[in-house]
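Chemist: As a plain string of letters, each chain reads:
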Amino acid sequence: RQEILKWNGWGYNDSKFIFNKKGQAEFTGKRYRLSGMVLPILKEWMEKTLGASLEHKITSRTSLNISDVPPSIVNEEFLQDLRATKISYSREAEDRVFRAHGHCLHEILVLREGMFKRIPDIVVWPDCHDDVVKIVELASKHNLCIIPFGGGTSVSSALECPADERRTIVSLDTSQMNRILWIDERNLTAHIEAGIIGQDLERQLGESGYCTGHEPDSMEFSSLGGWVATRASGMKKNIYGNIEDLVVHIKMVTPRGVIEKGCQVPRMSTGPDIHHFIMGSEGTLGVVTEVTIKIRPTPEYQKYGSVVFPNFERGVACLREIAKQRCAPASIRLVDNAQFQFGHALKPQVASIFTSFLDGLKKFYITKFKGFDPNELCVATLLFEGDREKVLQHEKQVYDIAAKFGGLAAGEDNGQRGYMLTFVIAYLRDLGLDYYVIGESFETSVPWDRVIDLCRNVKERIVRECKEKGVQFAPFSTCRVTQTYDAGACVYFYFAFNYRGISDPIHVYEQIETAAREEILANGGSLSHHHGVGKLRKQWMKESISDVGLGMLKSVKAYVDPNNIFGNRNLL
Amino acid sequence: KKRDEFEDILEERRQSSDLRYAMKCYTPVIYKGLSACKPSAIKNSVLQSEQVQYVIKQLSKEMGESADIIQEEATEILDEMGHNLHIGAIRFFAFSLSKIFKRLFQRVCVNEEGIQKLQQAIQEHPVVLLPSHRSYIDFLMLSYLLYTYDLALPVIAAGMDFLGMKIVGELLRRSGAFFMRRSFGGNRLYWAVFAEYVKTMLRNGYAPIEFFLEGTRSRTSKTLTPKFGLLSIVMEPFFKREVFDTYLVPISISYERILEESLYAYELLGVPKPKESTSGLLKARKILSDNFGSIHVYFGQPVSLRTLASGRINRCPYNLVPRHLPQRLSEDIQEFVTDVAYKMELLQIENMVLSPWVLIASVLLQNLPAIDFDVLVEKTLWLKGITQVFGGFFEWPDNLCANKAVTSSLALHTNIVSLVNGQVVLNDMGIEDGATEELIFKQALSILMCGAYRNQLLNVFVRPSLVAVALQMTQSFRKEEIYNCFNFLRNMFSDEFIFFPGIALKDFEEGCFLLTKCDVIQVTPQEILVTEKGNSAASFLAAMFRPFMEGYQIICRYLSKETKETFTEKQFILGIRNFAFQLLETGSTQCYEVLSSDLQKNALAAFVRLNVMKKMKITSGLTYTVNKEALSKTEEMFESQIPKRKLVTARL
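Each protein sequence line maps, in turn, to chains R and Z.
All residue numbers for the first sequence refer to the numbering used here, where the first residue is 1 and numbers rise by one.
All residue numbers for the second sequence refer to the numbering used here, where the first residue is 1 and numbers rise by one.
Source of the hints: derived by calculation from the structure; they are not laboratory data.
Where is the CB? At the ideal position from N, CA and C, for every residue including glycine.
Don't take every hint at face value.
A few chain Z residues that don't get close to chain R, going by computed Cβ distances all over 10 angstroms [as the list claims (entries may be wrong)]: (1) Gln58; (2) Phe228; (3) Glu378; (4) Gln582.
As a list, the in silico DSSO-like pairs of lysine-lysine whose alpha-carbon atoms are at most 30 angstroms apart [as the list claims (entries may be wrong)]: (5) R:Lys363 with Z:Lys43; (6) Z:Lys117 with R:Lys48; (7) R:Lys404 with Z:Lys43; (8) R:Lys469 with Z:Lys343; (9) Z:Lys38 with R:Lys370; (10) Z:Lys102 with R:Lys324; (11) Z:Lys32 with R:Lys362; (12) Z:Lys2 with R:Lys467.
Bound-form chain Z, shown alone (with noise of 0.2 angstroms):
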């Protein structure tokens, strides 16, 4: 697959003067459908919409309160909502972020193709774009890298916790930004609201929209399974015919270090994230004088959603009821969103841009607590090659020697990984006596650290890693049989990794493809044979995913050993957190990331959706009861292939 070309833009930045750029004369192309129109004009125009009047009465009629104060109180959560783009913050804003970016990063690269594509439908369909979210830096560096090139700036569904942060956040409103309630599924107002809000500004084409299909940032790097309720709201439109088309941009935004990697380590280990303040992102100017290397972003292929919905959209549901009654979506609308939140995402992961730092992690993560130099270099350079047939997107410069990326990786995660005497260790491991809760704590922290760099490699791996798994598992030549336990995996690891939704089989035959692509394996039409040399690849694949599958098999163990009924997300956390620790302190794992939170809770969501538990409501929240018929089962698929799989290591 060909992929365009990167420009660095801090480079100019670095050469011209930045004030003189943030007062640059700033004329967007605009969408060739728009009737100008000011934010306070679309604040009317929506709380006049005879959606949101509708809802009003509605509401009205059952709460036997007056619509007035009702609509009153409308106009406060649109005030609440509401965007305030202005020209004056923008520029503030592009003032500060080139200092600001100037001094995190060494180098910002964009597809300038991707852009001109970007230009050109901006012009022609109302636009939304769909980055990838794993920092904060995520909304601001898109904003800054459209007004670098002169396009609209987009309207962004942020979080409301930004809120709280008192001037950033209306200077954040004031550069495009509309905040959404994290979770408002009852309040029937604020749907509506909110709703109309954000296709009053798709139909009128006023700004792209941008938000983030996997509602938050993922903590772990792995892209995270997508949301579907803006997502829904941005197809309506399209479903009603209220605009021709509507273009969805993935965009992919790929950190060489992610500013928050620390936080969310500890973030993952159960320490409460700081609540976002002004004074905390103060306190956050000391990273600024670290080094965060490179930021890659690439503006994907804009994809038209008339082209995905032909053939698939059974009008009928939309042409009988009016337009603007709140209608449930139909299923196969249902099912549609949800292919198309999948392939975006997917999309997302085929243009993330893979540094030779994710080698390295993966490679060391799997030769704790240390590894040679040299070695490290030749593996990491080995893994390189598989990557890429993988399909990974690597900027490795052609004439940039391995020894040389490898040092300068190594020199850019200090906090992460040192060189001592020729060897490559994981700060804080290897630290033999005394396993003590708190050491383990600081190790766990480095290995989440470690290992949410291999994680963008799993990304793309996925799908052949666990072709391999299923070998070892298996240790059968038959391809049905791997297969099924294939699929096995894959159903059981759907919310920790990216699939199309019931593809399983084309997913199976694209992993044996690329191994065989790369000399792993050999298919015929009934067995699947790893080849010789293919052996030591296959482990190595296979244990990229050890600590998922090592995870969910204690996580198994301790649901066999809890006695207690039913119990709530919380105490299955520490439950889990406090046997993890057990397991460590006596040495009887080594899997440390079983104490990631991240995989806790996607664990749960796939035993509830598996059936192995059961979540039901009650008046103070959700709590879950554990089938102990089906968790002995899934056990079962799990361990039983242990001993088999240490025999072959054995015998290897």
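Same shape as in the complex, but just chain R (with noise of 0.2 angstroms):
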């Protein structure tokens, strides 16, 4: 897999934007909807919006200097233990600089033009359970630092090596562990190894039928271990739930031993749940190894939809009151104006002449006839799924809904491009490098009464930071609401900015970073929603869980593993 994926940068090797010789941005490739299409407004886009230019360009270097990577120092006694478990390891230093980092910004950075202080010194791929429970053990008996790596897409500092770690790192890499055990279909359970990766799982499923209906943003990448440890949320959560909905039974392999419980139930009494001493530990008590887990039957019907509103404050009252009455579709998603002219810049090439005129005439509709401000109107994208017959009966309430709100319908294609850039914004970011823009996304959830409000004060926040750090170009804020909640939302926000004329970029862009979470926690917004806190959001932890409630966490981290053998230093 390592193969196919960039070492530098988000996802696929052959997928990525570039700017043709034409000067027109393309995105290569065969995988995605958008791959191999011409983008013809992107450039401008980016120019009007970053002020990035296309004569100010830095590129990465092309391959890793392997003389940079630090040495691979591991104990001989060690490897000896370890080559009679018949493992397989690697101390190749592409195999473990790769292991060495997850994808916040300045790790891509560091991969760009420099290099990490601290990387694992060898890589294990464990086949199964039991082989996990023998690196454990010989971890213990060796005093080793293990660190968990899933899909590797964490954006929270959590992969990185803590620089100051004299013990040997194991990168315990869960790849091999791919298989799903058993579904049983009378409980509609699925017994997995925590190692697969999303897209895997949900193909595999779908050839029996089923589904978990787990869908983040990240899915292609990200694996069910690597969930369970986060704390993960799905993008159809709506219908499935997230995952500490979807999980029935966890097995996880600790210093102490093995931990999970007697039986596979919907739900217990029996004190508190210990599977949530386990979500969101983040690598910092062991390795999840099996997972049993929620399938449903594969839905019949998949509708997209979208929803234009005159403005961004009328949009989140809809989806409230959508919340409210519980009938929110498998996802909706609002996206606030700057998002949705940038979601505009990535329309491709319209093919024929039909079709940019039927544009035009949208767009004078909504414009001219209707009254809404280009710039201030915002658009809801919706996934409904389900039966057929439920969908469209479901579709129209929602519609009714969003009509009392000044909501007008716009169309199923407008819906699917908007999923659609979830998957690749990612891949734009690696664009944005190259042109001396460098962004970053966050999210958190706040309660209803304040989405607006803190929506509108980060945004302000990080324009104003900006500002006053010197960044000559306005940056590019924006948010959308991507869950709702009976009591609450969840935002998720993108920023970027051109750092043209800044010396120390990395150091400004993280100042705004922290500013910015400092405004989410100032408007009664959460340290995070499913990204999790690694060692990106540890200053602000007592603050979001009090005192007693962190030496809670501490008191089962200092029974489970009193030696740290899980040593990642997050979360804690």
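Given two chains presented individually in distinct reference frames, assemble the corresponding complex, making use of the accompanying hints.
Modeler: Below you can see the structure in the form of structure tokens.
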């Protein structure tokens, strides 16, 4: 798998944004709907919104400089014990660097033009639960540090090796534990090894006519064990639930031994749920090896949709109403105006004059006839799933509510493109990096009554911080409401700026990101909805869960892993 | 410190048509997030707001009354309070105020850079205007100026007493004033409606909100200690993050001659102030023929509340309670509000323009009953030098010679001073025989009027001067001892003058620094020494505060003699007044200013704060008792020093 993925950016080697010879943006490869398409407006958007220019380009080095890589230091006795177990391992520089990072901006920048201070000394590939038990035992015996590695899509610095770790660091790659062990059709559960990657899981279940319905934006690359370890959230949680709703049973190997429940039941009252010590533990307690997860028959019918609102406030009010009536579709997302325009910039070249004429007509209808301000309007994208009949009924109900808030149905196509963007946007950052643009996304959850204020204030804070820090071009600062709940919503921010003229962009970037998080907390938002804490957001943990709360977690860690074998130092 | 240049706006008014000016095209810049709405729509959204509805429900539950009736009550409160900004009224005011101002004042000067910054601020975030309050003219003038510069007119929190003035009340309402009852602490409905009304206008960015931190017009020209209620209301939307930021704009309005000067003096002496009435205002027309010199309005740099708050606010309390519930301010927020209020007042003081007259008044009061004109000019010039070192802000053209400046100042204030045979005399003073009560009253009037101008200087002088006083009192070189004495005075006078809370040492060091800067003292790590040539300056600076020192001592003496166990504020003030009159009649004091009710009330507040007196609530109001032990200690602190001081003067 390592072979087909970029070593210094997001996703597949063959898929990336480039500017072709005509100076037009193009998305390469064949994997996505957008692949092979020319995106004529993107260049103008980048110039206008970010002040980027094609003349100012920096390129990443094309391959890893092996001589920069810190040496692998592994004690010979451990190696002998390891060989005896027949578990495969590697000490190659490429393998170790590949597992030394997630996808935070600073990590990618290090890959492009520097080197990590500390990386794993050895990578091991256990094949099954028992292999993991052996590795953990060996690590305890030799006092090594284990950092579990699943899909490597972390955006919280969770995979970064602590620079001052003196012990040998073992990267435990779960990717070979990727089998569906059994499917229980009467209880609608499946027992799966934790290393399986999201898209493989759905594909393989699909062959039996089932799905989990868990679709985080990273599902092409992230693993089941990773979802459990970070409390992941899926796009279609309104039907299927988030990971904590999906999981029925977890098996985890810790230095104390294996932790699991004695039965696989929908609910039990046996003290605090031990699953909740595991979910969100971010690799600090052990390795999740096997998970029993709920499955559902693959839905018969899927339909995308979209609604245009005159402004963001009306859109949020509509989402709130839909949440109140508990009739949210599988997914509903509301993007603000800036993100709507951004989505527009990613429109491929239209095939015929007729389509472009139709587009023009639509635009005319909305802005002129309905009086929507093109710099105010925003769009909700929808995804319905289920029986065909029920979907159509559901769709009508949602559109009726939307109409009460001034929303106009804007077609399936816009909706579908909205969701496709989620998958390709991560690729876009790599393009930005070539043109002095750095960016990142971050998320939070917030009570309904504070959604509008939080969105406005955080965006404004970013703009203001950029100005104060000497950023010469106005930043791209945008948000969308991506999940609705009974008591609040999840909000997702994108933020990018052009750093030409700044000597220390990464430092400036980090200051701004910190300021944005401070702003979120001051507005009553959470530290994280689904990205997790890692090492990036540790500083706010105490404030988030109180001293006592932090102490509780620490005491669990102290019991389960007294020698800090799982020493990635996340969370606590 | 560099300050902006002034521009006289009356100059243009004197040259072009007032009517055309009043009818000019008026298109103020507005807040970027503003959704335009009418005053009635604001009222409606206030009534329907969660905040007000919550309180209505609560009250209805508690009192067993139907929510509709309470809702009705809320509507009435809102109608009584609400403004009704109307362009017609504004044009009417623009026209008539042009006429009036041109008659009353020689110049109305504004720093246009400040206006430009304000214009910028209005577009970015909600703006709160915080002017100093010396006269009724203040808010008329401010609205007038904003109109002149094509800025959004403020909505103004004004006292309810205006409402009694029939037509004018309504006119003010239409020009953007909204009215608040002077006291409504107990009335939860009133508080809820009022607070929500103010916050709605602020969140909406409807218009700048204007109110007076001092709460009322300062009768003495000393900046009054701030009130916190309204300030905490306008800060709340930021604390709750309903707005991104809020700009606070300190504005200093300085009058060369205050319109109400004699009115204030009467009031301070206990002659009740006439109720505001339209006919009263018409009677005031006779002052229209008088000359009141220049006005200087200085718009300070807008201060970002967000910047002030950064790192100071614990966000938790606001995250854990729904934002519409009324919530008691947490301690750290209260402290923050207090600090901001003091900071804003200090900024107001910093940009107050001082006229030559305040120097003259200060000199004159130390040379009663009369002073030679030439000596006066010389001393005035000398005092100007010191004032400038202390950071005082003068509008004194370079080419204007001191002689002329003094002459024209004297001409402007003929009701207080006159020039007789080359001697400058304070009116009604110097009549030797027949110290009758009536005469004392007359003299006190003159002194209080004059004192009000000297007080403008005290705002700036208080830190170095109190160091000078402490030097005199302790007769010591030891820094520590002097500081202790300074600290005692600062505590005692902190209702009298504006000190930023909790920085006594910094204030002391600033005072020492300023004195060093004009060569009055030398400071070593352990000691403070008065320089030889600094002696006269030090005693002048100390003498400026003598009325307060002596006034407080007289009050102490009165209290130690007072036999009554408990008394009300009224009885306290009457008692002191009688006591002081006796002393003045027998000539055993010259401290007329102890007759000022302002000083008396401040002393009362200080004594209560320092536990010299105890305040108790009974059904009919507040009563006070004296803690004799603490009183005699305070008396000692003051008095033990007096003989020493006399000795020193003798030695000099």
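Chemist: Each of the hints needs a verdict: does it hold here or not?
Modeler: Hints, one by one, checked against the model:
{"no.": "1", "hint": "Gln58", "result": "19 angstroms, holds"}
{"no.": "2", "hint": "Phe228", "result": "22 angstroms, holds"}
{"no.": "3", "hint": "Glu378", "result": "51 angstroms, holds"}
{"no.": "4", "hint": "Gln582", "result": "61 angstroms, holds"}
{"no.": "5", "hint": "R:Lys363 with Z:Lys43", "result": "37 angstroms, violated"}
{"no.": "6", "hint": "Z:Lys117 with R:Lys48", "result": "29 angstroms, holds"}
{"no.": "7", "hint": "R:Lys404 with Z:Lys43", "result": "25 angstroms, holds"}
{"no.": "8", "hint": "R:Lys469 with Z:Lys343", "result": "27 angstroms, holds"}
{"no.": "9", "hint": "Z:Lys38 with R:Lys370", "result": "24 angstroms, holds"}
{"no.": "10", "hint": "Z:Lys102 with R:Lys324", "result": "62 angstroms, violated"}
{"no.": "11", "hint": "Z:Lys32 with R:Lys362", "result": "29 angstroms, holds"}
{"no.": "12", "hint": "Z:Lys2 with R:Lys467", "result": "26 angstroms, holds"}
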